[in-house]
Amino acid sequence: AASRHNAEAAAQRVGQSASSLYPTVSATSNYSHTDVFGTEADSATVVTTPGAGSNIPVVVTGSSQRKGGARKSLSAGLTVRQTLLDFSRPHQLEQARQNEEVVLAEMDGIRQDVLLEVRKAWLTAFIDQTILDIRRETVANREARLAQAQAFYRQGTKARIEVATAEADLAQARLAALQAETQLQVDWVALNVAMGQTSPSPYRLELDPEWDLVPELDWERILQTALARRPELRVLQARLRGQLAALRALHAESLPTLSANATLQGSGAPTPLDGTWTVGTSLNWSLFDGFLRQYRDGEARATARSLAEQFEQQRIAVYQEVTTRLVQVRQAAGQIQAAQTSLEAARESHRLAAARYQVGVGSSLELSDAELALAQAQTDLASAANALRTARAELSRAVGVEDLAALPEPGDPIRLDPLPELKIERSAP
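Residue numbering for the sequence shown follows this note's numbering, beginning at 12 and increasing consecutively.
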């Protein structure tokens, strides 16, 4: 679930990067109301007119004025901005897309790891379930032997020690069956956890017969399929492509950017508004940044080279893992044939020993040894078959497919894009 959320987040980051290719629209509005406090001003003027005699005519004038009131203003505008020319935007978008590819490839790898973990837990539970069946069969055989020993003792043809030996062997068989049952319960818990379940009820596992078939394995085709489908190689390929896109975006940042904007605005009293419109362009060009771009370029090139080295190392690791898993599959298939031959011989020995004991000419020790040999041969065959199934599951993971029986066409191997020259210019600040 967490990996799916990471993939969704990566897809949203691609959308964020693509959003810079579209214009932006913004609206502004402002309204203000202003009250002006009232003021009063008084003035007086005295005019004297000189005249003959002692009388001086005087003219007096005065005035009084009050100011105040409310002022309202409203402004509203709409602005559209569009980047017309930015050489780094396409490379930034490509980098975001490659980062999404990284997350998707990682999610595929996690899915394959979980599938392998569940398969191995299932196969572990299945082999222990098979061993429990073998232990229960041994208990049934020894119960039958105890009944025969008791009958022989009652008839007087066998000594009491035959009964005691049969009872001891039966107790050991029951203990082994109990231990196998306990281990199977532990395996159920591990399998439920691997599948994300918490079922407390026991259940019986049924194997698909297809898993006991060994598909024809062409080493060259399997290796080519692994080199074309392994999630780890796809992750490194996408990371390198993203790094190269970042390097191209860095180079494009040294080029100018051109943007345009248009504004429509009205302002004044609430009614009417005085309208204005403005259209403009802006050209930005970074001419010198203190050698920052050169050092960033060197870092990007070195990182790309490092990713390329990791990719080559991963290719070698894939080759080694596929070859090792293929050898294990073939070895397990060969062990099954030997185990089947041993089981046939053990069954025949047990049949003869049981027949001899039943007619009273065989010993309990002979039959006990035959029972142990039969149980061991059954366990060896079950273990060899389960080892083949486990090796097949591990080989499927090494190839990067769900099942070898439905092996897809190899396709083109995952390759690297051309790498830039590793040149780091060191300029003195």
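Be careful, since some hints might not be right.
Ranges of calculated distance between the beta carbons of each label pair, as one might list FRET restraints [to be verified]: (1) E359 with H16: 56 to 62 Å; (2) Y214 with E154: 25 to 31 Å; (3) D223 with H262: 57 to 63 Å; (4) D124 with A416: 30 to 36 Å; (5) L228 with V125: 48 to 54 Å; (6) A313 with L32: 27 to 33 Å; (7) Y306 with V204: 46 to 52 Å; (8) D300 with V338: 33 to 39 Å; (9) A328 with T352: 45 to 51 Å; (10) D223 with L32: 55 to 61 Å; (11) A182 with T352: 27 to 33 Å; (12) W296 with R15: 41 to 47 Å.
Think about it this way: if two alpha-carbon atoms lie no more than 16 Å apart in a straight line, the pair counts; the simulated EDC-like pairs of lysine to aspartate or glutamate are [as the list claims (entries may be wrong)]: (13) K131 with E413; (14) K131 with E217; (15) K131 with E377; (16) K83 with D46; (17) K83 with D285; (18) K169 with E405; (19) K169 with D223; (20) K131 with D46; (21) K83 with D219; (22) K131 with D414.
These are computed hints drawn from the structure, not numbers from a lab.
All residues carry an ideal CB built from backbone N, CA and C; glycine is no exception.
Against the structure, the hints come out as follows:
{"no.": "1", "hint": "E359 with H16: 56 to 62 Å", "result": "holds (60 Å)"}
{"no.": "2", "hint": "Y214 with E154: 25 to 31 Å", "result": "holds (27 Å)"}
{"no.": "3", "hint": "D223 with H262: 57 to 63 Å", "result": "holds (58 Å)"}
{"no.": "4", "hint": "D124 with A416: 30 to 36 Å", "result": "violated (20 Å)"}
{"no.": "5", "hint": "L228 with V125: 48 to 54 Å", "result": "violated (24 Å)"}
{"no.": "6", "hint": "A313 with L32: 27 to 33 Å", "result": "holds (30 Å)"}
{"no.": "7", "hint": "Y306 with V204: 46 to 52 Å", "result": "holds (49 Å)"}
{"no.": "8", "hint": "D300 with V338: 33 to 39 Å", "result": "violated (56 Å)"}
{"no.": "9", "hint": "A328 with T352: 45 to 51 Å", "result": "violated (37 Å)"}
{"no.": "10", "hint": "D223 with L32: 55 to 61 Å", "result": "holds (56 Å)"}
{"no.": "11", "hint": "A182 with T352: 27 to 33 Å", "result": "holds (32 Å)"}
{"no.": "12", "hint": "W296 with R15: 41 to 47 Å", "result": "holds (43 Å)"}
{"no.": "13", "hint": "K131 with E413", "result": "holds (14 Å)"}
{"no.": "14", "hint": "K131 with E217", "result": "holds (15 Å)"}
{"no.": "15", "hint": "K131 with E377", "result": "violated (38 Å)"}
{"no.": "16", "hint": "K83 with D46", "result": "holds (9 Å)"}
{"no.": "17", "hint": "K83 with D285", "result": "holds (14 Å)"}
{"no.": "18", "hint": "K169 with E405", "result": "violated (54 Å)"}
{"no.": "19", "hint": "K169 with D223", "result": "violated (46 Å)"}
{"no.": "20", "hint": "K131 with D46", "result": "violated (82 Å)"}
{"no.": "21", "hint": "K83 with D219", "result": "violated (84 Å)"}
{"no.": "22", "hint": "K131 with D414", "result": "holds (14 Å)"}
In summary, the numbered hints that this structure violates are 4, 5, 8, 9, 15, 18, 19, 20 and 21.
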